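A.B. asks: Chain residues, written in single-letter form:
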Amino acid sequence: MELILEGFRMAWHLLVTLDKEVLSVTLLSLKVSGLATLISLLVGVVGGTGIALAEFPGKKLLVSVVNTSMGLPPVVVGLFVTIMLWRNGPFGSWEILYTPSAMVIAQTVIASPIVMGISIAAIQNLPPNLRLQILALGASRPQMVWLLVREARLPLLAGIMAGFGGVISEVGASIMVGGNIKGYTRVLTTATVMETGKGNFDTAIALGIILLVLCFVINYLLTMVQQRERPR
Amino acid sequence: MTTRKALLEAHNLVVKRGGTEVLRIPEFDLREHETVALIGPNGTGKSSLMLALAGLLQLAAGEIRYHGDPIILSGDTTAFRRRIAMVFQEPLLFDATVYDNVASGLKLRGISAIETRARVESCLERFRITHLAGRSARRLSGGEAQRTSLARAFATKPEVILLDEPFVSLDPPTRQVLMDDLEQVLRESGTTALIATHDQLEALRLADRMAVMHEGRIVQSGTPAAVMNEPANAFVATFVGMENILTGTIVSAGGGLLSLEVAGKSLEIVGSGAAGERVVLCAHPEHVVVTTIDPDHRTSARNVFSGTVTRIVPLGPVNKVYLDCGFPLVAAVTGQSLAELQLAVGSRIFASFKATSVRLFRKG
Amino acid sequence: MKRLQNLSLFLAFTALLAAFLVTSPAQAASKNLILATTTSTQDSGLLDVLIPVFEKDSGYFVKTIAVGSGQAMAMGEKGEADVLLVHSPDAEKKFMEKGAGSSRRLVMHNDFVIVGPAGDPAKIRGMKTSAEAFKKIAQSGSIFLSRGDNSGTHAKEKGLWKGAGVSSEGQKWYQQTGLGMGQTLNVAAEKKGYTLTDRATYLALKKNLGLEILVEGDAKLLNIYHVIEVNQAKWPKVNAAGAKSFADFTVSKNAQDIIGKFGVEKFGAPLFFPDAGKKPESLGL
Numbered sequence: 001m002e003l004i005l006e007g008f009r010m011a012w013h014l015l016v017t018l019d020k021e022v023l024s025v026t027l028l029s030l031k032v033s034g035l036a037t038l039i040s041l042l043v044g045v046v047g048g049t050g051i052a053l054a055e056f057p058g059k060k061l062l063v064s065v066v067n068t069s070m071g072l073p074p075v076v077v078g079l080f081v082t083i084m085l086w087r088n089g090p091f092g093s094w095e096i097l098y099t100p101s102a103m104v105i106a107q108t109v110i111a112s113p114i115v116m117g118i119s120i121a122a123i124q125n126l127p128p129n130l131r132l133q134i135l136a137l138g139a140s141r142p143q144m145v146w147l148l149v150r151e152a153r154l155p156l157l158a159g160i161m162a163g164f165g166g167v168i169s170e171v172g173a174s175i176m177v178g179g180n181i182k183g184y185t186r187v188l189t190t191a192t193v194m195e196t197g198k199g200n201f202d203t204a205i206a207l208g209i210i211l212l213v214l215c216f217v218i219n220y221l222l223t224m225v226q227q228r229e230r231p232r
Numbered sequence: 001m002t003t004r005k006a007l008l009e010a011h012n013l014v015v016k017r018g019g020t021e022v023l024r025i026p027e028f029d030l031r032e033h034e035t036v037a038l039i040g041p042n043g044t045g046k047s048s049l050m051l052a053l054a055g056l057l058q059l060a061a062g063e064i065r066y067h068g069d070p071i072i073l074s075g076d077t078t079a080f081r082r083r084i085a086m087v088f089q090e091p092l093l094f095d096a097t098v099y100d101n102v103a104s105g106l107k108l109r110g111i112s113a114i115e116t117r118a119r120v121e122s123c124l125e126r127f128r129i130t131h132l133a134g135r136s137a138r139r140l141s142g143g144e145a146q147r148t149s150l151a152r153a154f155a156t157k158p159e160v161i162l163l164d165e166p167f168v169s170l171d172p173p174t175r176q177v178l179m180d181d182l183e184q185v186l187r188e189s190g191t192t193a194l195i196a197t198h199d200q201l202e203a204l205r206l207a208d209r210m211a212v213m214h215e216g217r218i219v220q221s222g223t224p225a226a227v228m229n230e231p232a233n234a235f236v237a238t239f240v241g242m243e244n245i246l247t248g249t250i251v252s253a254g255g256g257l258l259s260l261e262v263a264g265k266s267l268e269i270v271g272s273g274a275a276g277e278r279v280v281l282c283a284h285p286e287h288v289v290v291t292t293i294d295p296d297h298r299t300s301a302r303n304v305f306s307g308t309v310t311r312i313v314p315l316g317p318v319n320k321v322y323l324d325c326g327f328p329l330v331a332a333v334t335g336q337s338l339a340e341l342q343l344a345v346g347s348r349i350f351a352s353f354k355a356t357s358v359r360l361f362r363k364g
Numbered sequence: 001m002k003r004l005q006n007l008s009l010f011l012a013f014t015a016l017l018a019a020f021l022v023t024s025p026a027q028a029a030s031k032n033l034i035l036a037t038t039t040s041t042q043d044s045g046l047l048d049v050l051i052p053v054f055e056k057d058s059g060y061f062v063k064t065i066a067v068g069s070g071q072a073m074a075m076g077e078k079g080e081a082d083v084l085l086v087h088s089p090d091a092e093k094k095f096m097e098k099g100a101g102s103s104r105r106l107v108m109h110n111d112f113v114i115v116g117p118a119g120d121p122a123k124i125r126g127m128k129t130s131a132e133a134f135k136k137i138a139q140s141g142s143i144f145l146s147r148g149d150n151s152g153t154h155a156k157e158k159g160l161w162k163g164a165g166v167s168s169e170g171q172k173w174y175q176q177t178g179l180g181m182g183q184t185l186n187v188a189a190e191k192k193g194y195t196l197t198d199r200a201t202y203l204a205l206k207k208n209l210g211l212e213i214l215v216e217g218d219a220k221l222l223n224i225y226h227v228i229e230v231n232q233a234k235w236p237k238v239n240a241a242g243a244k245s246f247a248d249f250t251v252s253k254n255a256q257d258i259i260g261k262f263g264v265e266k267f268g269a270p271l272f273f274p275d276a277g278k279k280p281e282s283l284g285l
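Protein chains in written order, with the working numbering: chain A, 1 to 232; chain B, 1 to 364; chain C, 1 to 285.
Keep in mind that the hints were calculated from the coordinates and are not lab data. Here the structure is a predicted model, which means the values were calculated and not measured. Even for Gly, the Cβ is constructed at its ideal location relative to N, Cα and C. Check before you lean on any hint, since a few could be wrong.
Unchecked claim - Some, not all, of what chain A presents toward chain B, calculated at C-beta under 8 Å:
1. N129
2. L132
3. Q133
4. A136
Model the full assembly from the supplied sequences, consistent with the hints where possible.
C.D. replies: What follows is the structure in structure tokens.
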């Protein structure tokens, strides 16, 4: 209990004094997870909508693969991405192992199925004739997709928040592909693990608190967008 | 009446769903300014035909033509779809205000805000929902929602509007009022309309022409009067309410009259044919007259049958009286007549119909 | 109005994207150097002082990957690291025998100590050799915490049990945490047990621990660090030039001075002892 209070005190102190290291890891957490979520948004919403609207043999199989991938353990993803990006691996020539880019790649792999799976369900949950009604109103195909996405905005935004939540808080993949390099690939989660390993529990708790606050702020903003001005 | 220009046509249409054929229409057209009712029981292909005409369904064979030009379904049909409109059974409104819903079709076409406002306000007024403009679509009653859907469809000033059973989920009073409004709007705008319904009264009210569908085909097409009074076959007859369907054989023919034998009784009706032919007859319950006294005191006289009442079903203004005259008959009797005749189950009656009120067609 | 909102949201996102691409250092590939080392080395804080000096001088960007000793050497064997800074002499010898390294040089040492509760139930305080202490712990059945993670420390510890002729595996009093040194110390403090730790980590945490140094100074408790350059002949992608530059740096006078002074200010005693150029025998190995 003492420890947690100490953690709060330290968190407050680090934030108020704008501690350089803490700022750096927080900013990097935001950048990496933010970019990964952005890419997953495109892949997940566009891909998910496409799959939901199309009819093709093997559709059920594909959807179950996506749904299963929603639960991919981050550390397993990290392992596979590392193996791909090793110098002597298939993509070694890219030379991006132990860089923030590798972290973005790994986190995108983790978040995309989450956003895609929820998008598929969201679009499939719309009234079946809505697509036809939109076309009958004179929509071009791209307009139709946009309108369907807009009608499903509530669950879609929930999916994006789920994707973001999944990657801002993950550590297994980030540590493996990033290497937790000070000032370069160290993020809030990997720093927390490191401090815990060193036995600096108060610092670890402080970083954990900062991570929670960050998550809350981002999700609050997204929720505001989701619940935006629904007409009375 | 001069033949009007055909706006929307279907030629040699075949539609399949899951391998089975659901629609086979050799010819169908919609002409300028007319309102056509597409009637038939559920599952008979009305919706499929409408979707096909709207360019929203894949065709196994055949083509749709608009103003004579074939619509290439595999290509971009947006321009065509912007000239027509469709309203479904469910309102299918967007999660937005009524105003935004009605404006949605115009927004898709990139119409200016000023023009949009003018058109939306006009449509809201025509369907009497101006007071609901700012209301969220989620908070509308069934009738209000369907009005919004109609306003949304008409706002785009379509040349053809397709309505797939638009009033089926509304209660009767709401249905009545909406039908009035729709009728007026159609008249004032001159929009060509195709309305699918399984309610014949709706069809009678709104349509210039009626097409009856059965198992994916159009079995009869013509004015409402023609279809109702001269059904082409037993199916149409049952559907339009001609509940008395009997089979018999022509005994003799001559002078425009036929003498028939039906279930051991003799019948005389207007028509032509050859002796020995098997025929099917139908008559509307309204054309069966029930009396308790032999009308001519001649029980062997033509088209008069004696029988008993087996069942009385009250249906508001008229009662369905089921009779057994050696063969089953159904008569429509007003409440007043029922009381005057003191009809009850078991009452002995005489049923008759005029020679001209029986419709005949060849068996099969 | 709504369109304006959407536009500004979209711009905010693209700005984020741009900012990210601009601010992450675009490193020229040949200036990147992958140093694989152990968590305890990183946790000591020495590298946070040493590496920036090297980077400034040489212009290399060092990617310090701190993992367990086993993983560090595995990385070297696969050519996924350019230079290693490790402290597992037996494993290192095998590494060199395989020809995985092109050069191995002595850098520094620190030492391990046996710590335990002030009460010292096994009565090992002041013993001269670790072998005696370990035997005593085993005999008294006192709780001993092992890292159990194949780290350099763990390897050292296993070697000491072997040397003492005690079989610790599977014994009730022998508990394996699978955790890093700092955490293991905390567990030992909680359970009032004994553990083997490097002096640096202990000193860093001493204040809040409640454990005391009970045995120190045995030659066998020395923790020797070598810098190994990965063999480029085996793995062409290895940055041999960078590896050599770093290795040379660690044994240079500048680096050795820094090593010798590290920790004095904070703990009153140095945490590491510079040994570049010395013969391993002179350390009493």
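A.B. asks: Just to be careful: measuring from the Cβ of N129 of chain A to every Cβ in chain B, is the smallest value less than 8 Å?
C.D. replies: holds, 5 Å
A.B. asks: Classify the hint on L132 of chain A as holds or violated, based on whether any CB of chain B lies nearer than 8 Å to its CB.
C.D. replies: Holds: closest Cβ of chain B sits about 5 Å from L132 of chain A, inside 8 Å.
A.B. asks: Have a go at the A136 of chain A hint: is there a Cβ in chain B nearer than 8 Å to its own Cβ?
C.D. replies: With a closest approach of 4 Å, the A136 of chain A hint holds.
A.B. asks: Can Q133 of chain A be said to touch chain B, with a Cβ gap under 8 Å?
C.D. replies: Since the shortest Cβ distance to chain B is 4 Å, the answer is holds.
Figure legend: structure checked against the earlier numbered hints; every hint is met.
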